[in-house]
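Student: Protein chains in written order, with the numbering used here: chain A, 67 to 647; chain B, 67 to 647.
Note that these hints are calculated values from the structure, not bench results. Be aware that one or more of the hints could be misleading.
Copies of one chain are not kept apart here, so a pair can be met inside one copy or by any two copies together.
[What the hints assert, rightly or not] Result set (DSS-like, lysine-lysine): computed pairs, CA atoms no more than 27 Å apart in a straight line:
1) Lys552 / Lys638
2) Lys601 / Lys461
3) Lys318 / Lys601
4) Lys584 / Lys265
5) Lys194 / Lys265
6) Lys85 / Lys638
7) Lys454 / Lys522
8) Lys568 / Lys552
9) Lys318 / Lys194
10) Lys85 / Lys318
11) Lys466 / Lys638
All values derive from a computational prediction rather than experimental measurement.
There are 2 protein chains.
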Amino acid sequence: MTANTPKDILTKRIRTANKDVPADVVIKNGRIIDVFNMEVLEADIAITEGTIAGIGEYDGNEVIDAHGKYIAPAFIDGHVHIESSMVPPEEFARVVLPHGVTTIVTDPHEVANVCGNRGIQFMLDQAKDTCMDMHFMLPSCVPATPFENAGARLMDEDLRPYYDHPQVLGLAEVMDYPSLRSAAPDLIGKLTSTTLEGKKIDGHLAGLDPHAINIYRAAGVLTDHECNTPGDALERIRRGMYVMMREGSVAKDLLALLPAVKPHNSRRFFFCTDDKHIDDLLRNGSIDHHVRLAIANGTDPMTAIQMASLNAAECYGLTDKGAVAPGYKADLILFDDLNDPVISDVYKEGKHVAKNGSYIGPAPGRKDLASAITNTVHLPELSEVSLKIPMESSKANVIKINPNSLRTDHNVEHVQVENGSFLPSVEEDQLKLAAVERHHQTGNIGLGVVKGLGLKRGAIATTIAHDSHNIVAVGTNDHDMIQAIKHLSDINGGLAVVVDGKPVASLSLPIGGLMSDKTAEEVNAALDHVHHSLKEQGFQGDFNPFLTLSFLTLPVIPSLKLTDKGLFDVTKLRHIDVSCS
Amino acid sequence: MTANTPKDILTKRIRTANKDVPADVVIKNGRIIDVFNMEVLEADIAITEGTIAGIGEYDGNEVIDAHGKYIAPAFIDGHVHIESSMVPPEEFARVVLPHGVTTIVTDPHEVANVCGNRGIQFMLDQAKDTCMDMHFMLPSCVPATPFENAGARLMDEDLRPYYDHPQVLGLAEVMDYPSLRSAAPDLIGKLTSTTLEGKKIDGHLAGLDPHAINIYRAAGVLTDHECNTPGDALERIRRGMYVMMREGSVAKDLLALLPAVKPHNSRRFFFCTDDKHIDDLLRNGSIDHHVRLAIANGTDPMTAIQMASLNAAECYGLTDKGAVAPGYKADLILFDDLNDPVISDVYKEGKHVAKNGSYIGPAPGRKDLASAITNTVHLPELSEVSLKIPMESSKANVIKINPNSLRTDHNVEHVQVENGSFLPSVEEDQLKLAAVERHHQTGNIGLGVVKGLGLKRGAIATTIAHDSHNIVAVGTNDHDMIQAIKHLSDINGGLAVVVDGKPVASLSLPIGGLMSDKTAEEVNAALDHVHHSLKEQGFQGDFNPFLTLSFLTLPVIPSLKLTDKGLFDVTKLRHIDVSCS
């Protein structure tokens with residue numbers, strides 16, 4: 067008996083619940099985790115047309131033996147930029163599903179900054195063909211700031227058509243606090259459109275105090291994933307927010323926030339990764355890592371699982387997600403040890419999609435990608451002259467990086483000057499930094515001096531450069547920098563290491579200059595090769611230089627950054643010269 | 067500064083939060099109850115255009131001194147039939163607002179059974195003019211059963227147009243379990259329409275076991291308000307339901323259910339009154355009574371208040387209700403004692419609407435009511451012959467009432483027979499019972515014998531007769547019964563006491579034969595008079611005979627009931643003769 071119309075499906079589900087017909091699938095011998103009462107229940111799970119029809123004693127056309135394993139609701143990642151994994155939605159799903167995450171709320175902010183609506187549409191289209199539920203929040207800040215040139219500009223009227231899309235849940239992280247605080251008209255338009263559609267709004271309240279929380283809540287913003295102290299979490303919850311506890315590849319806030327979670331307020335907490343790279347996903351997992359980490363640090367396993375499932379579903383109004391109960395989608399995970407859940411099996415709407423860490427669902431369909439998506443590196447003719455930094459004296463404003471932090475310091479240092487221009491120095495670790503506009507062939511190039519990256523030879527460059535994703539390059543000499551930038555153009559974006567004018571390692575990321583069209587394993591191997599070759603060239607830092615580089619262009623985090631419009635003083639919110647007068 | 071468009075309102079709220087402009091209203095010196103963290107916070111509440119803009123230090127055009135009182139979110143009644151109060155929405159709001167209830171979820175099931183869609187529309191129209199938020203669930207079972215004639219029949223297609231109404235949240239209590247279990251097409255249609263609209267479905271699972279819970283949940287039903295043991299509550303919650311703890315004028319389940327409420331599952335519980343009469347509302351209150359009763363019986367006050375506010379809002383997706391926080395409606399209550407909250411002040415969207423138990427909001431506007439609503443008693447010519455019960459022997463099937471219970475017993479007794487017909491006996495307390503179809507002048511009359519009502523003289527009759535609301539009358543003689551029935555026709559429905567052919571007391575309920583067009587106080591006084599006159603006529607029971615009478619026609623509760631189609635054996639689900647063969 068198959069059912070097609072909504073009425074047929076409902077009738078079949080009721081008839082299954084009433085045992086008039088056998089279930090499509092029954093899972094027996096499991097220990098069901100009841101995230102409502104925080105109890106464990108031994109019973110059969112009857113599934114029909116992907117939804118749970120009953121918990122009790124059931125017969126099914128297919129019977130699965132859970133062998134005494136725990137059965138929990140599959141996990142939800144409350145906020146994730148798929149682009150940060152460097153693979154597109156289909157491949158992302160293949161990697162993350164085995165970790166028990168069957169639902170994500172994603173913000174295509176990065177690809178939208180490169181490709182605008184075409185980027186959003188690409189992600190929506192790809193998401194449809196995965197067996198992961200990918201819900202979308204629409205990027206609220208493209209471009210992220212007025213201090214840089216991005217690939218696109220998305221106004222309220224550009225976003226509005228997407229609210230009708232069934233996968234769109236609302237407006238993504240509102241991060242432009244100055245515009246919010248001043249009630250800037252376009253942002254007011256976006257917020258109003260979202261609210262009138264009955265959709266949700268995510269926030270981004272890095273380091274913000276109760277005054278700012280009031281403003282965000284007055285605007286209808288429901289979540290924050292940027293807070294990292296228990297006190298900040300309680301302030302946000304007190305004013306009606308949900309707090310997402312983030313554990314990504316760079317920002318790791320979970321352990322700092324756990325002390326805020328109590329039985330009476332745990333309903334307002336859930337988990338997200340935000341930005342997690344492919345190597346990290348493959349090695350450590352996704353939300354399953356949050357759950358294990360929380361339990362290992364004293365969180366009750368039931369609470370950890372509830373935060374990983376039901377709470378996120380409630381926040382986003384996903385009424386058929388987040389629990390093992392009739393009427394809920396049969397998105398289930400199986401594991402042996404409640405105190406250290408390592409997921410052995412994942413079911414998406416009753417279908418077995420992962421086993422022992424491997425994806426076993428339908429193979430992702432490879433598609434022809436539109437050139438608007440894969441041809442996004444547009445450069446004018448460049449030469450070493452383009453990279454000259456004129457110096458009036460030897461005193462320069464220098465970006466000083468802090469390993470494993472997004473913050474930089476603003477140093478003033480004496481640098482080498484030759485023929486009136488800055489000359490990089492490996493000895494002083496004063497290297498040249500360039501941000502090259504790559505979307506519209508404007509020829510805009512911002513130049514600066516950076517300390518702390520510790521390159522000994524050659525140059526590196528990448529098209530992953532938050533949030534506008536121009537090209538950012540750093541080098542010990544202009545020739546290698548130019549070659550690295552040109553090589554990125556040749557490979558349609560990605561990462562490149564150039565020494566003596568030759569690329570010695572690179573990773574092509576042709577999808578928006580952000581994502582690969584290869585498998586996750588291939589991308590991971592290429593990344594390994596890039597990092598290995600960097601070490602061969604003498605790099606000795608205990609941080610990821612590409613990752614560091616990709617945030618040197620983000621002009622919303624202090625102190626000194628570089629955009630394609632030049633060196634940017636984040637504290638003073640204005641561009642400044644490299645040369646100090 | 068006033069704001070009209072959604073964008074203007076949002077802009078003003080943000081500017082208020084940011085202290086660029088003063089709030090419309092600021093409440094100072096209150097102790098704010100934070101239902102998220104379960105803490106008390108001392109801060110100002112800034113309100114603009116009816117919504118809270120900030121919690122902190124604020125200036126306002128109007129400043130209210132809370133004098134150290136607690137400030138909690140106003141209460142929500144999760145399921146209430148306004149008709150049971152005997153006053154229409156405007157008057158109901160005037161009575162209930164002073165008890166801190168600013169939001170209700172109502173099911174116009176009674177008036178819909180009389181007037182169909184016109185009844186629903188009447189309630190929606192009246193609700194709009196109150197300063198209470200009245201959300202509607204659409205009656206799922208009109209008529210309630212096939213065993214009686216109601217005033218209307220509402221199919222899926224009749225309800226569907228209402229889903230667009232902003233106050234309609236979904237489908238009201240699905241109580242027809244046999245139709246649900248057998249997946250009856252019209253019910254499947256109603257359930258599917260509701261689900262496709264993204265709306266909620268309420269349940270009605272009186273005495274039902276986990277098998278039935280599976281079926282209800284498979285159908286997408288989200289709530290139950292009929293369970294009355296902790297075990298039953300946990301079973302419903304385990305399968306994904308919310309449990310409403312009902313405390314009405316007849317059904318009182320709160321104390322029985324409280325032991326099921328724990329910190330980790332309290333989010334799935336909230337409060338409702340279901341059916342509460344005007345005298346009870348005036349005397350004891352509404353959801354405020356639940357809160358006091360729960361606290362007096364050991365519930366943590368914070369949890370009690372959370373169940374009375376936030377939890378109901380979450381269940382029904384009312385994202386701007388249920389908390390004192392920015393972005394939430396300024397629906398607030400003030401009281402002195404956290405351990406015995408007696409509400410001194412009620413604010414609806416920042417407006418002071420009740421003080422010390424009295425309504426002080428805008429006066430309800432009296433309107434001309436359409437005759438389709440006020441002229442609903444349609445009887446053919448009746449005479450005493452119409453009430454003859456032919457008897458083949460003196461052995462009769464007798465309805466035996468149980469005081470203060472909706473259940474009856476099925477007795478077989480010897481009765482007086484005269485000229486081949488039943489003759490009532492005051493001595494044996496065997497009185498005549500009649501259910502007279504009053505909607506379509508069909509002349510249908512069901513007749514029976516009832517024991518336990520204890521009338522000594524005359525007859526009583528009412529148009530409140532669940533769920534079809536035909537006329538139900540009981541009497542010691544046919545003449546008084548006919549006069550009581552005719553008097554109800556004269557007064558367009560209500561309650562009547564007739565002795566020696568004359569009405570000695572009555573209450574006119576011209577709105578559908580269910581609700582008065584007078585004030586609550588006038589209705590209460592008239593009810594007092596009715597009950598006083600009953601006592602004068604020798605009635606000595608410690609129960610409400612009209613209330614008992616009004617449920618003798620409800621053919622879904624065992625054992626023996628009477629409809630306009632005749633005596634009904636609920637156990638066998640068929641009509642039977644009065645006379646035993």
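Student: Which numbered hints are broken by the structure, listed smallest first?
Tutor: Failing hints, ascending: 1, 2, 4, 9, 10.
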